[in-house]
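A.B. asks: Next come the chains, spelled out residue by residue.
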Amino acid sequence: MKILFVDDEKDVEALFRQKFRKEIKSGEIELAFAFSGKEALNILGEENPPKFVYVFSDINMPGMSGLELLDQIKTRFPNIQVSMISAYGDSENYDRAMNSGAKGFFTKPVDFERLKTEIAEMVKNQ
Amino acid sequence: MILVNLISLFLLYYLKKSAGPQGFPENLNRYFKYGMIAAAILIALGIAKAPPEILFQLLSFVLVGGIIYLILNTPELDYQKTLAITPLPIIGVQLLEYLIKTISPAVFDILENYLDAAGFFALIWAVTMWLNHRKQMKEIEIERIISKEQERQLRNTEEQKSQLEVLVAERTSEILKQKEELQEALNDLQSTQAQLIQQEKLASLGQLTAGIAHEIKNPLNFVNNFSELSVDFLEEIGEEMAKISESPEKQNILDLLEDVKSNLVKIRHHGSRADGIVRSMLMHSRGGTGTMDPTDLNLLIREYSNLAFHGMRANPNPINVDIQLELADNLPQVKLNAEDFSRVILNLVKNAFDAMRDKINALGSDYSAKVTIRTKDLGDQILIEVEDNGPGVPDEIRDKLLMPFFTTKKGTEGTGLGLSITHDIIKSHEGKLDIESTVGEFTRFRILLPKAKP
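Same order as they appear, the protein sequences are chains U and Z. Per the numbering used here, residue 1 is the first one in the first sequence, and the count goes up by one each step. Per the numbering used here, residue 1 is the first one in the second sequence, and the count goes up by one each step.
To be clear, the hints were calculated from the coordinates, so they are not data collected in a lab. Be aware that a few hints might be false.
Subject to a maximum C-alpha distance of 27 Å in a straight line, what follows is the list of computed DSS-like cross-link-like pairs (lysine-lysine) [what the hints assert, rightly or not]:
| id | chain 1 | residue 1 | chain 2 | residue 2 |
| --- | --- | --- | --- | --- |
| 1 | U | LYS19 | Z | LYS243 |
| 2 | U | LYS103 | U | LYS74 |
| 3 | U | LYS108 | Z | LYS217 |
Not the full set, but computed from the structure, chain Z residues with beta-carbon under 8 Å of chain U [as the list claims (entries may be wrong)]:
| id | residue |
| --- | --- |
| 4 | GLN190 |
| 5 | LYS217 |
| 6 | ASN218 |
Examples of chain U residues toward chain Z, derived with CB under 10 Å [stated by the list, open to error]:
| id | residue |
| --- | --- |
| 7 | ASP11 |
| 8 | LEU15 |
| 9 | ASN60 |
| 10 | GLY104 |
| 11 | LYS108 |
| 12 | PRO109 |
From a predicted model like this one, the values you see are computed outputs, not experimental measurements. Cβ atoms here follow ideal geometry from the backbone N, Cα and C, with glycine treated the same way.
Based on the provided sequences and hints, a complete structural model is requested.
C.D. replies: As structure tokens, then:
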């Protein structure tokens with residue numbers, strides 16, 4: 001199962017790769033990283049239909065924001081699930097994300113147990 | 001000779017009548033009275049031709065002479081001087097006639113015609129002088145009336161002037177009062193303006209703080225996450241190492257890994273401390289929702305007294321202070337606007353720090369600063385006490401302490417609003433704020449909050 005993480009912080013890749021080391025090793029999931037909304041759309045557009053089933057995106061990013069990216073993904077690839085990860089856990093961002101069709105909303109610092117459960121469930125449903 | 005006495009009578013009568021409103025002295029009036037009686041007797045004797053005629057005639061001349069002498073030599077009759085010379089020629093002619101008749105009746109017969117003529121001229125003279133005198137008297141009278149009127153006007157003016165002066169004094173004091181009021185209003189406005197500028201600064205500082213807190217939060221998350229991960233990895237490494245056969249090198253590696261792990265645990269620990277501070281900062285700078293929710297007061301006090309302490313330590317002139325929390329167990333939840341009430345705790349604790357800083361500066365190391373915060377369940381009320389062993393509050397300023405803009409701090413250090421806002425917040429919770437203090441020993445702020453009705 002391919003999952004794409006979108007965050008402008010490069011160290012997110014190392015962190016998530018280490019956090020999901022076992023899952024990656026066992027071949028349960030495959031991770032990809034994009035550091036902007038535009039890059040994320042490019043990666044998703046490489047294959048048609050894309051193999052990715054889940055996108056986790058930060059909201060506050062330079063250029064395209066996570067919420068814009070959410071709208072774009074929902075229009076172009078309606079089958080891909082999208083969840084938001086943000087440092088700003090205010091109700092305004094939450095409501096906007098949920099109304100735009102986000103599956104979940106995670107606040108930073110990320111609760112990795114919750115994230116792992118979420119992904120495990122997704123794997124099971126595949 | 002009756003004529004001379006008539007003149008005497010007339011003169012005396014006229015003088016008596018001419019007395020002004022103030023009258024003549026007593027002795028002068030007596031002279032007039034006796035003179036008039038004497039003149040009347042002489043007239044009667046003259047008509048009766050009672051002997052010795054010569055003596056009475058002589059007395060008549062003495063009387064009229066005395067009257068003229070009186071007029072000329074009395075200061076009160078000074079203005080009547082022309083009156084004295086009016087009958088003078090008549091009397092003179094009469095006296096001449098009398099003398100000639102007495103000394104030599106023969107000569108009198110020869111001179112009779114001349115004397116009659118002289119008598120006639122003397123009469124004309126007397127009439128002229130009389131008219132002249134009357135005219136003069138009238139002028140004096142008019143002058144007197146005019147001066148009286150002038151005096152009256154002067155008095156009126158004087159009266160009006162004093163009335164005006166009273167009015168002016170009244171107005172002046174009114175204006176002065178208004179000026180003072182305006183000055184006071186101006187002072188208030190100036191301090192309000194300074195206050196607004198200060199608040200503006202604080203607000204932007206609050207925004208800045210929130211921004212900084214957010215920016216710090218992301219890198220801090222990495223520190224925490226990576227250190228946590230590394231601890232997990234080290235545990236995995238430990239599991240793998242167990243499978244490797246023992247050797248001195250392995251033991252060395254295990255020791256080093258143990259140290260690395262303990263370091264990572266420390267990084268994680270201090271990282272989460274920093275995270276707590278950042279979260280407190282964010283919570284404080286967020287706008288309050290304004291709702292009263294059941295709140296764990298002890299937790300709020302712990303959190304915000306700690307925040308106040310760290311805030312003080314991070315600012316210029318930090319002090320060493322011992323914070324003692326004597327919080328009641330089983331304290332029920334209190335309905336509070338936590339956002340607002342946290343400011344009460346922050347303000348009171350911050351205030352205590354500022355007061356104690358002054359005492360530290362004054363006493364040096366002999367003094368150890370201490371803040372005690374207590375909570376107590378009083379049945380239907382909750383008591384919160386913030387007590388410091390600082391310099392205390394003198395009686396004369398204790399009442400002013402809660403007034404807006406009152407500050408004991410120098411320059412721009414104090415806004416004069418901290419305690420006023422604190423008081424407002426407590427009042428909005430239907431609570432009460434009391435201040436107990438002994439100068440040089442302690443200051444104790446006592447907050448009484450009503451318990452939420454079940």
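A.B. asks: Confirm or reject each hint.
C.D. replies: Right, here's what the structure says about each hint:
{"no.": "1", "hint": "U/LYS19 / Z/LYS243", "in the structure": "24 Å, holds"}
{"no.": "2", "hint": "U/LYS103 / U/LYS74", "in the structure": "11 Å, holds"}
{"no.": "3", "hint": "U/LYS108 / Z/LYS217", "in the structure": "9 Å, holds"}
{"no.": "4", "hint": "GLN190", "in the structure": "39 Å, violated"}
{"no.": "5", "hint": "LYS217", "in the structure": "6 Å, holds"}
{"no.": "6", "hint": "ASN218", "in the structure": "6 Å, holds"}
{"no.": "7", "hint": "ASP11", "in the structure": "5 Å, holds"}
{"no.": "8", "hint": "LEU15", "in the structure": "5 Å, holds"}
{"no.": "9", "hint": "ASN60", "in the structure": "9 Å, holds"}
{"no.": "10", "hint": "GLY104", "in the structure": "18 Å, violated"}
{"no.": "11", "hint": "LYS108", "in the structure": "6 Å, holds"}
{"no.": "12", "hint": "PRO109", "in the structure": "4 Å, holds"}
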